[in-house]
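Peer 1: For this one, chain A is given, so just place chain B on it according to the hints.
Protein chains in written order, with our numbering: chain A, 1 to 763; chain B, 764 to 1526.
Just so you know, not all the hints are guaranteed correct.
Claimed, not checked - Only part of the chain A face toward chain B is listed, based on derived beta-carbon distances under 8 Å:
(1) Met-60
(2) Gln-62
(3) Glu-64
(4) Leu-66
(5) Gly-418
(6) Pro-421
(7) Leu-490
(8) Leu-582
(9) Leu-587
Worth flagging that the hints you see were computed from the coordinates, not collected in a lab. By construction, the Cβ of each residue, glycine as well, lies at the ideal position given by its N, Cα and C atoms.
2 protein chains.
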Amino acid sequence: MRYTIGFPGTDPADLLVNETIFHNANGYIGVRSCFEEGYAPGINSIRGSYINGFYDFAEMKQAEKLCGLIEEKQTMLNVADTQGIKLFIDDEEFSLWNGAVLEGSRTLDMEKGFTERRILWRSPRGKEAEIRIRRLASFTRLPLFLIDYSVRALNFSGVLRFVSTHKGDVRNYSNPDDPRVAAESVHYLTPVRADIEGTSSFISSDTVRSGLRVCTGVTHTLRPEDGAAADCLPDTAVRKSGHRAETEIITTLEKGGTAQLLKYSVFTDSLRYADCEQRARRELREAAEGGPETVYRAQEAYLADFWDKAYLKIEGDEKLNTAVTYNMYQLLQSAGKDAHGTIAAKGLSGEGYEGHYFWDTEMYIEPFFTLTVPEIGRNFISYRHATLGEARKNAGALGHKRGALFPWRTIMGRECSGYFPSGTAQYHINGDIAWSVVSYYLAAGDFDFIVEKGAELLFECARLWMDAGVWYKGRFEIHCVTGPDEYTCLVNNNYFTNLAAKFNLRWAVRFYAMLREAGALESLARKIDLTADEIAGFEKAEQAMYLPYDEELGINPQDDSFLSKKRWDLANTPKEDFPLLLHYHPLHLYRRQVCKQADTVLAHFIFEDAQSEETIRKSFLYYEGITTHDSSLSTCIFSIAASRLGFREKAYAYFGDSAMLDLYNTHGNTKDGIHTANMGGVWMAIVYGFGGVRIAESGLSFSPRLPEQWQACCFRIAYRDSRVQVEMTGTGTTFTLLTGTEKIIQVYGKPLTLRDTLRVAGE
Amino acid sequence: MRYTIGFPGTDPADLLVNETIFHNANGYIGVRSCFEEGYAPGINSIRGSYINGFYDFAEMKQAEKLCGLIEEKQTMLNVADTQGIKLFIDDEEFSLWNGAVLEGSRTLDMEKGFTERRILWRSPRGKEAEIRIRRLASFTRLPLFLIDYSVRALNFSGVLRFVSTHKGDVRNYSNPDDPRVAAESVHYLTPVRADIEGTSSFISSDTVRSGLRVCTGVTHTLRPEDGAAADCLPDTAVRKSGHRAETEIITTLEKGGTAQLLKYSVFTDSLRYADCEQRARRELREAAEGGPETVYRAQEAYLADFWDKAYLKIEGDEKLNTAVTYNMYQLLQSAGKDAHGTIAAKGLSGEGYEGHYFWDTEMYIEPFFTLTVPEIGRNFISYRHATLGEARKNAGALGHKRGALFPWRTIMGRECSGYFPSGTAQYHINGDIAWSVVSYYLAAGDFDFIVEKGAELLFECARLWMDAGVWYKGRFEIHCVTGPDEYTCLVNNNYFTNLAAKFNLRWAVRFYAMLREAGALESLARKIDLTADEIAGFEKAEQAMYLPYDEELGINPQDDSFLSKKRWDLANTPKEDFPLLLHYHPLHLYRRQVCKQADTVLAHFIFEDAQSEETIRKSFLYYEGITTHDSSLSTCIFSIAASRLGFREKAYAYFGDSAMLDLYNTHGNTKDGIHTANMGGVWMAIVYGFGGVRIAESGLSFSPRLPEQWQACCFRIAYRDSRVQVEMTGTGTTFTLLTGTEKIIQVYGKPLTLRDTLRVAGE
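Excised from the complex, chain A in its bound form (with noise of 0.2 Å):
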């Protein structure tokens, strides 16, 4: 489970993708992964490293003033520079720019979670080092990212000089030639101290706005021979200059021999701890004396689990297979570890979407947690619970005098998005949140958790739809919403959003009841005034939605007038101009069929009772012929639909189109950071559309559809106590529960009992 790529030159678009693809992440810091020694004068870079969580308030002007609209937003900053460390041999500095590169490749390991970058460097004068550098953002100990940097002397003697810096002056990306990014570096970090503690630096900041402060801390260790010495800094000194701090650590070796740099750094922020200048020379300090060894082996150990949970192999393409890995490896590095962060649109990878939290994480990558490593999942339900304070504001913002409507973009829970009628007007969310929690539920049977925070959820997310929602002959209709796809904004009855409404609504009345019969509703329904008329009111309101259905066509129309627009003729658009978004005004957008992404075929997918086959069909084909994928979300969708349908070359390319979009950069954005959406949407394409997994109320089931280019698949899943692997192959499949008791699973909808092994021939 590794990635190598070999030199891969110094082309700067390379470098730019490479700095996301190889970067290092645990879930609360990221650093991009840049060169220590940099890049030759004039290269771009994003040199970035990343809080999960962690963000200052922007300010965020409105072209026109109207009440309500958003004029702050939060962004996640770039906090501190500990990547860099020049290297001097003989006074010749190492760089790629510089001198030869005789051999060299950049690898990840994903078994034991590092990266690493290998070069056979020849300098001007002819001097030849091996140069290994390794690198790692600590799984078991968050705050740590540690830089291991070995030099052999492969035909010379001399003095090895390491200058290592600490900066705590760093601004976020900007870029003026790049529209994507900002265009003009805006100062929302403020280094406040930088201390010197025998051979460490200290470096606090504090934000400008939203009042928090982050310290990093660096350390050094040298050993000149592997681990044959004391660990030992010969001649090093340690500089201020206003808030940078600068190690110069200077040795020699003989020929043959290697000299190791170990390079500690620590980030620590006042939003999870209470004494973040503390805490990170706790943290350095403990991490420098257990060395690099327990640091490998707590990684290793840390990822075997993870693996062993998460496990997932192609069989018939090693290439795809690598990709897929890659993905989960990915989630796991961006998925936040506290309720203070979830896993934003790029991870911790880059400065793309400011680190918001969107949708995503709960319609596309919780399934992925929810199913291998539930806690992670049920993290993310924290974090929603968390910021419920600030959901519910929201909605008082925008007229609701009861109830929670989540934000479409942030960080600390506020809205953060600039042009309401695709952001804030999505009221889905509220649904998206409600289905993940729903899945948790039924996926790991964790009622406690609902009874302290899910149920919570539910209820004050359906009291929002009863407020948005009006009765109109009889019928419930959501009007002036926002669906999944942006290219019809503001609609009444959008179907998905009215489904998405049904089922929280559903559930919350479901809870209800299952509280109360647990004695657990009293002082819940206290807190948040909930009456059992209350949840008549939702009963109500859940059994008269309406759904729309056009009998003509005998689909469900997008929303309610969206039949009546002009059909967008997508076989005749100039290639250059996709995505659509870029090309056309929204207006323009807005008044023809025409879809961003999976839409009905989501809410197709994820409500799949609501509909016959035979309407799931026909809209899936007549949606098809409108959508144009120009989002990342939307192709893994209809993969899983195409499955399900049986339409399985189609299902095949539809995935094929998503899986590998980051590591081959076919987006051609991978720079500003990974796909984190598309990355869980590739793991569902994989077990809810090829392995046709579905969990509900009345169990577990599969409906294996083995892909022809494939010899084998076999992945692993957790449900309830148990977890099971599933090995698909092209004459049948072979369920083995890994632990737990037995269940009776259902397998193209036959129910069977799971005790060891179960093998069921394809259909």
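Peer 2: For chain B alone, kept in the frame of chain A given last:
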């Protein structure tokens, strides 16, 4: 026809309002009525001089970038300050905050066309002087602004010193404490040269982005006694400091004697004048040579003619009569007299709405001019015609392949709307312009102008509907537009819009036939590539245009889904929540049945033949219950509709709400400028409402309904080759043919021949 207020004191809020109320304008330049000597330190003043249609481009950042969103607007500029005159009597400086004001008044003389400020002032040391300052923006020499400043020594002999300034280094008004105006002072105009030539000064300034230049020139003459001595300038020094010029004039005055300082300012811009600097010199020389009497005589003659044509008198409510006269005067002051500009939302009286032109011009103001001074109304249409190129580009930016879409707000023809759902999406502006062209044609009978400009406008506007609309189940529908009511946006089949489109298409077909018949079609058809086939398409769409109608309520719904929304409970909305747009998020408003202003009711007035009397009545009553009149464009239309339906008390109540708006500052924001559309609406409420005037293809008709609060009301209108006076009294109406040939007119639906005078009893 004078409006006088006694000494208005020095309350800062009153000072700001009076800067607007007493501003001097002529449709080309406008100067706010600030004090020549300035206010006490710390008192806020919007000290501005503006030129109609003169602009710079300004950045307008979007919070979230989407394709085609407007990021550059035009803004009207404060071009120079020529108001400043300080007066010293034996070195005691005249100021209302210094010494004592024994008497004082401010007057607007609407027959003579000047404003006058009179102060009986006692200096701190007891010198008493009568100061009388007249100001005038010349209707006959548009670049000229004159200040006629006279001082009479009441109880002293002494030395008078005037220090008169001419400042080029001015900026637009900004106030960080007022969210409705710019918070930051933006640099738009750069003074490029300042010249002293004899006792005159000239300053030229260039805009930063739009490539325009303005030149201002100032000169003075002093008369020791009223007209007694020849003009001379004793002890005059003109100094330059940067881009300011200062003229110091010293004279002596005997007790009882009067000194009269005449300050001539001219404003010329590079939009109108090929060499604006030379032109400024010529205008200034000619004005000063002619002397003030020439200016006053020409001004009075111009106004005599205007009042003869626009005569309107209400008997029985002098205050109201003054307000209505004031409104008409302001419309004349504000209306552009060439194709470079029409009439901004605030005229030339202030910076509110940045000097932008809206649909107001066509729908609320044009009718006044069309029926009184039609050549000004024709200018408005010429302006639209001159900006047709920009409107075509605007249509293209929205994805339309043919036709023109006029901008929602603009100066030079390019869209300036920052929030398209209640801006650019108001496609009805095309229909509004079509209506104004047809109304002008029907009233003036000016077919040549249709050939020259009007038909092209209608054809290009009509094309847009063909591309924006969609055929659905045999109906022609228009989706995703916003009607006049901005509390509901991006809807399908807005009744007003569809009807306006239908009207536009119908008249495009008519004009096509008329042009063909007159042999005037060919060159235009070739120029814009118009074929009979395309016209046939117009006709088909016109006939199939869908007009929503609700059987149950017997009314026209505002749009397809309007009636399914929650009805806003206006009766239980707290007073402080109005205007709603300042207190509710757009999504909250869009989801409810609530109207900012007349929309369907406006349609029933403008296109009254489209529905039965019964439907119009029911619609009026329905929408009345949910309209807040948060726009100043609303009550006048409700008044007209109520008049028509015989709701006489309502008609009068709605009228009363409109008429006094600016003169009595009833909306509290007159300081930012007058409300020109409301002023036009008030006139419409009298003439179309109480007078029941309609001009249709069938001719001129009247249904006079004198409000019982009045003794009489008399007005005049122009129709074809004649001018007609209408005198309504409690017992009946007298029609007089003032000029022109005899006409058949309809009175209360009965055709009558108007030769000289005709008396018809009331209904």
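Peer 1: Next, verify each hint and record whether it holds.
Peer 2: Hint-by-hint comparison with the structure:
no.	hint	verdict
1	Met-60	5 Å, holds
2	Gln-62	5 Å, holds
3	Glu-64	4 Å, holds
4	Leu-66	6 Å, holds
5	Gly-418	3 Å, holds
6	Pro-421	7 Å, holds
7	Leu-490	5 Å, holds
8	Leu-582	6 Å, holds
9	Leu-587	6 Å, holds
Violated hints: none; the structure is consistent with every hint.
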